[in-house]
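Visitor: Chain by chain, the residues run as shown.
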Amino acid sequence: MSVITLTVDGCDVAVPAGASLLQAAGAAGVKLPTLCHLDGLTPVGACRLCLVALEGTTKLLPACATEAAEGMAVSTTSPELREYRRMAVELFFAEGNHICAYCVSNGACELQDVAVTVGMDHSRFPYRYPQRPVDASHPWFALDHNHCILCTRCVRVCDEIEGAHVWDLAERGSDCRIISGLDQPWGEVEACTSCGKCVEVCPTGALFHREDGTSEKHPHRELPFQLRLAREQGQWRNQGQALPQALEGGGEDPS
Amino acid sequence: MTGVQAMRGAPRRLRCCGASGCRSAGSEALQVALEQARAAVGLDAGALPIQPVGCLRLCGRGPLVACDGPGGTALYGGVPPAQAGALIAVASAEGPIDGPLRAEAALAAHRLDLSHPFFALQIPVVLEGCGSLDPCSLDDALAHGAYAQLKRCLQDLSPEQVRDEVRRSGLRGRGGAGYPTGLKWDTVALQPAGPRFVVCNADEGDPGAFMDRSVLEGDPHRLLEGLAIAAYAVGADRGYLYVRAEYPLAIERLRLALQQAQARGLLGLGHCGSRHDLQLEVRVGAGAYVCGEETALLRSIEGKRGMPSPRPPYPAQAGLQGAPTLINNVETLAALPAILREGGAWYAAMGTESSRGTKVFALSGAVCHTGLLEVPMGIQLRTVVETMGGGVPDGGAVKAVQTGGPSGGCIPAERLDTPVDYESLTALGSMMGSGGMVVMGETTAMPEVARHFMRFSVNESCGKCLPCRAGTVQLEQLLQRFVEGRAEAADLDRLDALCRMVKATSLCGLGQAAPNPVLSTLRWFRHEYEAGCGPLAGKP
Amino acid sequence: MADRRIALLIRRHGGRAEALIEVLHQVQEIHGYLPTSALLAVARGLQLPLSRVYGVASFYHLFRLQAPSEHRCAVCLGTACFVRHAGVLAKQLEQRLGLVMDAAGADGIWALEQISCIGACGQAPVLVVDGALETKLPVDDQEALAARFDAMGLPSARGQVR
Ligand SMILES: Cc1cc2nc3c(=O)[nH]c(=O)nc-3n(C[C@H](O)[C@H](O)[C@H](O)COP(=O)(O)O)c2cc1C
Ligand code: SF4
Ligand code: SF4
Ligand code: SF4
Ligand code: FES
Ligand code: FES
Ligand code: FES
Numbered sequence: 001m002s003v004i005t006l007t008v009d010g011c012d013v014a015v016p017a018g019a020s021l022l023q024a025a026g027a028a029g030v031k032l033p034t035l036c037h038l039d040g041l042t043p044v045g046a047c048r049l050c051l052v053a054l055e056g057t058t059k060l061l062p063a064c065a066t067e068a069a070e071g072m073a074v075s076t077t078s079p080e081l082r083e084y085r086r087m088a089v090e091l092f093f094a095e096g097n098h099i100c101a102y103c104v105s106n107g108a109c110e111l112q113d114v115a116v117t118v119g120m121d122h123s124r125f126p127y128r129y130p131q132r133p134v135d136a137s138h139p140w141f142a143l144d145h146n147h148c149i150l151c152t153r154c155v156r157v158c159d160e161i162e163g164a165h166v167w168d169l170a171e172r173g174s175d176c177r178i179i180s181g182l183d184q185p186w187g188e189v190e191a192c193t194s195c196g197k198c199v200e201v202c203p204t205g206a207l208f209h210r211e212d213g214t215s216e217k218h219p220h221r222e223l224p225f226q227l228r229l230a231r232e233q234g235q236w237r238n239q240g241q242a243l244p245q246a247l248e249g250g251g252e253d254p255s
Numbered sequence: 001m002t003g004v005q006a007m008r009g010a011p012r013r014l015r016c017c018g019a020s021g022c023r024s025a026g027s028e029a030l031q032v033a034l035e036q037a038r039a040a041v042g043l044d045a046g047a048l049p050i051q052p053v054g055c056l057r058l059c060g061r062g063p064l065v066a067c068d069g070p071g072g073t074a075l076y077g078g079v080p081p082a083q084a085g086a087l088i089a090v091a092s093a094e095g096p097i098d099g100p101l102r103a104e105a106a107l108a109a110h111r112l113d114l115s116h117p118f119f120a121l122q123i124p125v126v127l128e129g130c131g132s133l134d135p136c137s138l139d140d141a142l143a144h145g146a147y148a149q150l151k152r153c154l155q156d157l158s159p160e161q162v163r164d165e166v167r168r169s170g171l172r173g174r175g176g177a178g179y180p181t182g183l184k185w186d187t188v189a190l191q192p193a194g195p196r197f198v199v200c201n202a203d204e205g206d207p208g209a210f211m212d213r214s215v216l217e218g219d220p221h222r223l224l225e226g227l228a229i230a231a232y233a234v235g236a237d238r239g240y241l242y243v244r245a246e247y248p249l250a251i252e253r254l255r256l257a258l259q260q261a262q263a264r265g266l267l268g269l270g271h272c273g274s275r276h277d278l279q280l281e282v283r284v285g286a287g288a289y290v291c292g293e294e295t296a297l298l299r300s301i302e303g304k305r306g307m308p309s310p311r312p313p314y315p316a317q318a319g320l321q322g323a324p325t326l327i328n329n330v331e332t333l334a335a336l337p338a339i340l341r342e343g344g345a346w347y348a349a350m351g352t353e354s355s356r357g358t359k360v361f362a363l364s365g366a367v368c369h370t371g372l373l374e375v376p377m378g379i380q381l382r383t384v385v386e387t388m389g390g391g392v393p394d395g396g397a398v399k400a401v402q403t404g405g406p407s408g409g410c411i412p413a414e415r416l417d418t419p420v421d422y423e424s425l426t427a428l429g430s431m432m433g434s435g436g437m438v439v440m441g442e443t444t445a446m447p448e449v450a451r452h453f454m455r456f457s458v459n460e461s462c463g464k465c466l467p468c469r470a471g472t473v474q475l476e477q478l479l480q481r482f483v484e485g486r487a488e489a490a491d492l493d494r495l496d497a498l499c500r501m502v503k504a505t506s507l508c509g510l511g512q513a514a515p516n517p518v519l520s521t522l523r524w525f526r527h528e529y530e531a532g533c534g535p536l537a538g539k540p
Numbered sequence: 001m002a003d004r005r006i007a008l009l010i011r012r013h014g015g016r017a018e019a020l021i022e023v024l025h026q027v028q029e030i031h032g033y034l035p036t037s038a039l040l041a042v043a044r045g046l047q048l049p050l051s052r053v054y055g056v057a058s059f060y061h062l063f064r065l066q067a068p069s070e071h072r073c074a075v076c077l078g079t080a081c082f083v084r085h086a087g088v089l090a091k092q093l094e095q096r097l098g099l100v101m102d103a104a105g106a107d108g109i110w111a112l113e114q115i116s117c118i119g120a121c122g123q124a125p126v127l128v129v130d131g132a133l134e135t136k137l138p139v140d141d142q143e144a145l146a147a148r149f150d151a152m153g154l155p156s157a158r159g160q161v162r
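These protein sequences, in sequence, are chains A, B and C.
If you read the first sequence in the working numbering, its first letter stands for residue 1, the second for the next number, and so on.
If you read the second sequence in the working numbering, its first letter stands for residue 1, the second for the next number, and so on.
If you read the third sequence in the working numbering, its first letter stands for residue 1, the second for the next number, and so on.
Misleading hints may appear alongside valid ones.
What the hints assert, rightly or not - Here are some, though not all, of the chain C residues that point toward chain B, as calculated from beta-carbon distances under 7 Å:
hint	residue
1	Glu-18
2	Leu-62
3	Leu-65
4	Pro-68
5	Phe-82
6	Gly-122
Just so you know, the hints here were simulated from the structure itself, not pulled from any lab data.
Glycine is no exception: its CB is placed at the ideal position from the N, C-alpha and C atoms.
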């Protein structure tokens, strides 16, 4: 198994071929903020919090969705990156209705955590107070769209791990929303096995157990990784670093 | 010989523009009236052909009809069906077209001057056949040399030789980013052995742009030939042409052309008598600008939501079905037959050091002559807008020229001496883009222009990544405050900071370029934003 | 009945999932829009998850998930039209029809929507009324404009309170 060597913030690291820059940063002891990424799910590069700079290019790259290549010089922080991350969190808060004090996820929310990490205490952008519904049609779970940040973890875990593909994104742009079935109430969608995986991986209080009250959600976000690992046992390689699909090729920017 | 210019010694015929622009001005009724008028004087199609052709360039004066004869060509615009008889009289008369005929006098008001710079400064390469051949006739295309270069490539040249020629031409992608075409082809060709795809990007979505549509509607075989040459050069045997659904006529003609070429064995299995295969399919979009972005386009071809994905990996490495996929724009591909015929060096001799060859532009907005132009790269913006376009109607002054659509910017009047090439436009905070050029007069308010484009981006954002999905909405709201004169000074900084964040962090080119119209108008017309910090400042 | 037609056209596409967009286009041609029952039939026929089909149908602007109103007036707000005052034109249409852009009309008879460049930039500003293109609208001349609207058969809801 070949090994890739690169530097992260000046620190030399070695990772197995196919590893992401996020894993490389982890190997260097750097914890990048992430929201859409979850170990065990296909990366999408949607939240843009994990963006890093690469020596020799001006474009920022999502660490979660970029494969490490030999000799890369990655820098994970700079005044600009800090400012962009902060602004991103502000945009998340302004986009939805996040009133943490009343949320099931209060205290166990990745959005809250990220806000603390990037030092965001208020939003410079006006809150949009969108009108969004709550779907409580499922016997055990519920979806409160007010807290959804469109990370699509639920879509991916249900499709890639559970194989049910109950969820998907509908509409586009700022009208985007998570839907189940043909935009039906969740409880009516026959494909749902009520496995609860989507609830476990949701970074916020959008998906929750119906019995959960304020601050009572205790998600299990390592679930996909563990399941994937178990499923691929015998095939996965050292330290569980292997990606679900080792990407071919790589190399320089050919457009 | 060009689409519109003098065709001395040519047999008599009428070329009637049947492209979308003129259709919208009533060309179909005119074509029918012409045929009736011809019958009324006892002539038939053999004696006086009336050919539907592609765009004749001066779309704003449509419907356009070109009248060829031994004495040369005359062009008429805005011709009502009632004048069909006069046109037939002129076309069928003995002697030179511009003889002292009564019918000619009746048409005087419609006569367009072909020696005007609008026509005279054009150098048709991509548009060689557009306007002079019948886009629905394979025979007509073949008579104009269609597929000759494809045959030559398949028979006499190796894929490497074809790629060399294209590299020598210096051709850069016409879809917006200007990536060197030869380099992209090499990348695809040199991937590990296995299947490959070619894709023609005909999703032309920039408002105010209709270059690609004109090729599709006016000379579809040229595009198919170009795509087939590209496929040979990179070793692909399957491909797609992705056309936006808003172009029904283009889709119809492209489909017809593809059928014709396949039926004749020019495309398909063992095409042109070679050992090579090429299976092409037309795919139609469904109304999503972002599907012009290459990774989104591939998802759409796969029948999915057109949402972009991070690059790398680039489509050239992993595209359709994970296979190396070459994606080129319509105009890029349509330039190939001429490049191979005349040689890469011939093409490279036109244009500037970094931007070779010719470029097609769609000129519109506050300008006298609106339409389609193909000019050498490096031409001064002023030449295009003032000399060729005739400036603002009623003698007003040009305030700015918008290039690059929602990804580009506004170039102020004082910079009209800029040469039109990739680097110069980028240096001014705009972009070459696909080739839309919209002229703005004095009355256009720049914060409103910026808001207009931001609205477009809000509507067209796919919603996948946060900066574009939520950032453009906030930017539109901020711009609204300036438009309504209730912004505060701090809003200027907020606007600037958010623009930079959205530009730097968005996932795909849509979000990355969405702030450009704001940034460029902020740069050149900052005082208009300052004026927007008005007496209502801070009011909700 | 419709289901059989859908099954037929799915078969014509070989039941391939990648034909989803083409299939939806053709279903919309049959029904004028994409009713839920049709989406269900398409999902079954192509063996796709329901949410995937709805996700695609709602992503593309040309797919309609609601039955269209009887008449439609679309204003081009592309850049060339914008420079030639399509924004003003849109406002005037909103007033005249008593409708809000892109919102479903109360009576369901007329709908006003915005579109982006239809390639008639040379004739800007333009409208599409029930499929017919209307070009070079005289935005600066109220009377002439009203006359053009009358000729297109646009009702006048002026005076109506909404
Ligand atoms: C939002 C967006 C829209 C685009 N639209 C188009 C388009 O309509 N046509 C096109 O050829 N390229 C378009 N592009 C550029 C393509 O992604 C791609 O670069 C191009 O098709 C490559 O062909 P070329 O190298 O021949 O230019 C668009 C890019 C972005 C980011
Ligand atoms: S509970 Fe399981 S099957 Fe149901 S939607 Fe969630 S992940 Fe999918
Ligand atoms: S419901 Fe939760 S997991 Fe699903 S997209 Fe929204 S925030 Fe992400
Ligand atoms: S930049 Fe905009 S269009 Fe591109 S992926 Fe992000 S949200 Fe989608
Ligand atoms: S975690 Fe990498 S983009 Fe969201
Ligand atoms: S469309 Fe007829 S001249 Fe351009
Ligand atoms: S901008 Fe309206 S038709 Fe092009």
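Visitor: Evaluate each hint against the coordinates.
Guide: For each hint, the structure was consulted:
1. Glu-18: 4 Å, holds
2. Leu-62: It holds, given that the least Cβ distance between Leu-62 of chain C and chain B is near 4 Å, below 7 Å.
3. Leu-65: At 13 Å from the nearest chain B Cβ, Leu-65 of chain C fails the 7 Å test, so the hint is violated.
4. Pro-68: 14 Å, violated
5. Phe-82: 5 Å, holds
6. Gly-122: 4 Å, holds
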